[in-house]
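Read top to bottom, the protein sequences are chains A and B. Read in order, the letters of the first sequence correspond to residues 10 to 219 in the numbering used here. Read in order, the letters of the second sequence correspond to residues 5 to 228 in the numbering used here.
Treat the hints with caution; some may be incorrect.
Simulated pairs of lysine-lysine, BS3-like, Cα-Cα distance not exceeding 27 Å [what the hints assert, rightly or not]:
#	chain 1	residue 1	chain 2	residue 2
1	B	K175	A	K144
2	A	K145	A	K193
3	A	K140	A	K166
4	A	K140	B	K175
5	A	K132	A	K94
6	B	K101	A	K112
7	A	K202	A	K169
8	B	K101	A	K145
9	B	K101	A	K144
10	A	K132	A	K169
11	A	K145	A	K166
12	A	K145	A	K202
13	A	K145	A	K164
14	A	K140	B	K101
15	A	K112	A	K82
16	A	K169	A	K144
17	B	K175	A	K145
18	A	K94	A	K202
19	B	K101	A	K132
20	A	K164	A	K140
21	A	K132	B	K175
22	A	K140	A	K169
23	A	K82	A	K202
Derived DEER-like restraints, expressed as beta-carbon distance ranges [unchecked claim]:
#	chain 1	residue 1	chain 2	residue 2	range
24	A	A24	B	L204	41 to 49 Å
25	B	P128	A	S71	52 to 60 Å
26	A	P160	B	L189	25 to 33 Å
27	A	A24	B	L189	48 to 56 Å
28	A	A24	B	G216	44 to 52 Å
29	B	F176	A	S146	18 to 26 Å
30	A	S71	B	K175	33 to 41 Å
31	B	L181	A	E50	33 to 41 Å
32	A	G30	B	P108	17 to 25 Å
These are calculated hints, taken from the structure and not from any lab test. Even for Gly, the Cβ is constructed at its ideal location relative to N, Cα and C.
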Amino acid sequence: MKKQRTLGHGLILGAFCLGFGIVLAISDSITVDDIAARALEDRLNSLSQVIPDNIHDNNPVSDAFTMKNERNKEITVYRATKEGKVTGVAYEIFGTGYAGEMKLMLGVDAQGNVLGVRVLAHKETAGLGDKMEVKKSDWILRFTGLSLGNPQPDKWKVKKDGGQFDQFAGATITPRGVVDAVRKGLQLFAANKMQMMDINASKTPMKEAH
Amino acid sequence: MSSQYKTIIRDGLWENNGVFAMLLGLCPSMAMTTSATNGLGMGLATAVVMAASSMLVGMFRNRITQEVRIPVFILVIASMVTLVDLFMNAWMHELYKVLGMFIPLIVSNCLPLARLESFAGKNPTLPSLVDGLFMGLGFTIALTIIGAVREIIGVGTLFADASLLFGPAFKFMEMRLLPTDTGILMMILPPGGFLTLGFLVVGKRMLDVRAGKAIQMGGAHSAA
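The following block holds chain A by itself, in its conformation from the complex (with noise of 0.2 Å):
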């Protein structure tokens, strides 16, 4: 009797796992398609604020391919080409803010000056350190234009370390986090330019966008 009763406990709950098994596993397969085709518009979206639309005539989602960066992380770098020459490059730049990680995508041209910084991820206080997203600030937009040379090596620092860059209301962690991250990413693309450039580095297309 007793066992019956626990057996019947034991079916109500894998019926109940079941039935909404079922349900989430529809809803998945019918949401998939549009879920990917957004993020793709989203990655889309971050590559055109990096890389201007007039130095390229090829889509550089697709021609993509993984390196590792300075702390041996993979990341992807995706390339703008016209013409067949290799016009300029865009990839994750990696900073330490006030709450963890940032994560930047940094354009950069052949010549290896900014094209554009944008974050595209971040646990920044609200209202505080977010100041460095594009749609809150221009804070971010005054790399544009500047290389490794321009400022000078000790003027990549945000004013109160010595440095050119404006740190913002009430948050000096952030930016000084950004301006990091944006003069390391600079540096990783003088330091590896052969590779980042070469027309002929194997391709790896992008199997499904995450």
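Given the coordinates of chain A, work out where chain B should sit on it, guided by the hints.
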């Protein structure tokens, strides 16, 4: 019958408010209330999940036995959260980009589970739906108020970025009440959350006392 719904609604919004009376769901109500907009977004997403899961549990309440009710409740909540996450990501992507990070956090909120256990598991479908919905809306109101207080004192704005969450039509909600750089940073850091909640809970009880009501301790004792 209608007085029953009135009680449910008043319980959810004020008397037995999830945050101010029962002190449940404190994790999201501390972490997500750095601005009024964030609080509102988190609250609304929670309300949708609570309404849906309460309705489902109310519907199946006679099939769920005592012994397995907790795993079933958790299963229901987790499934609803996943569904909201999937559908929003696919079809309301702009909203998802802002609210997306809040949605998985709903699973860790004990308020939906508490309502399934104490109400939806014992009541028919419709009252359960109403209870879930209004408990969720009460949660929304609480989070919005906490967020508003913290945002005003912390950065001097109110409903900043509401247009990013709900669309350009809501630009009118965005206000700057204090001049730039006058905010007290601590208010949008964790201590500010606890301070604000403490004062608001006291405020609610003072209003209740003034109205001549006995102070409802609700689940305050058991909420760990």
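How the hints compare with the structure:
no.: 1; hint: K175/B - K144/A; result: holds (14 Å)
no.: 2; hint: K145/A - K193/A; result: holds (24 Å)
no.: 3; hint: K140/A - K166/A; result: holds (17 Å)
no.: 4; hint: K140/A - K175/B; result: holds (18 Å)
no.: 5; hint: K132/A - K94/A; result: violated (37 Å)
no.: 6; hint: K101/B - K112/A; result: holds (16 Å)
no.: 7; hint: K202/A - K169/A; result: violated (31 Å)
no.: 8; hint: K101/B - K145/A; result: holds (15 Å)
no.: 9; hint: K101/B - K144/A; result: holds (13 Å)
no.: 10; hint: K132/A - K169/A; result: holds (23 Å)
no.: 11; hint: K145/A - K166/A; result: holds (22 Å)
no.: 12; hint: K145/A - K202/A; result: violated (33 Å)
no.: 13; hint: K145/A - K164/A; result: holds (25 Å)
no.: 14; hint: K140/A - K101/B; result: holds (17 Å)
no.: 15; hint: K112/A - K82/A; result: holds (13 Å)
no.: 16; hint: K169/A - K144/A; result: holds (25 Å)
no.: 17; hint: K175/B - K145/A; result: holds (14 Å)
no.: 18; hint: K94/A - K202/A; result: holds (14 Å)
no.: 19; hint: K101/B - K132/A; result: holds (14 Å)
no.: 20; hint: K164/A - K140/A; result: holds (21 Å)
no.: 21; hint: K132/A - K175/B; result: holds (25 Å)
no.: 22; hint: K140/A - K169/A; result: holds (17 Å)
no.: 23; hint: K82/A - K202/A; result: holds (17 Å)
no.: 24; hint: A24/A - L204/B: 41 to 49 Å; result: holds (43 Å)
no.: 25; hint: P128/B - S71/A: 52 to 60 Å; result: holds (55 Å)
no.: 26; hint: P160/A - L189/B: 25 to 33 Å; result: holds (29 Å)
no.: 27; hint: A24/A - L189/B: 48 to 56 Å; result: holds (52 Å)
no.: 28; hint: A24/A - G216/B: 44 to 52 Å; result: holds (50 Å)
no.: 29; hint: F176/B - S146/A: 18 to 26 Å; result: holds (21 Å)
no.: 30; hint: S71/A - K175/B: 33 to 41 Å; result: holds (37 Å)
no.: 31; hint: L181/B - E50/A: 33 to 41 Å; result: holds (36 Å)
no.: 32; hint: G30/A - P108/B: 17 to 25 Å; result: holds (19 Å)
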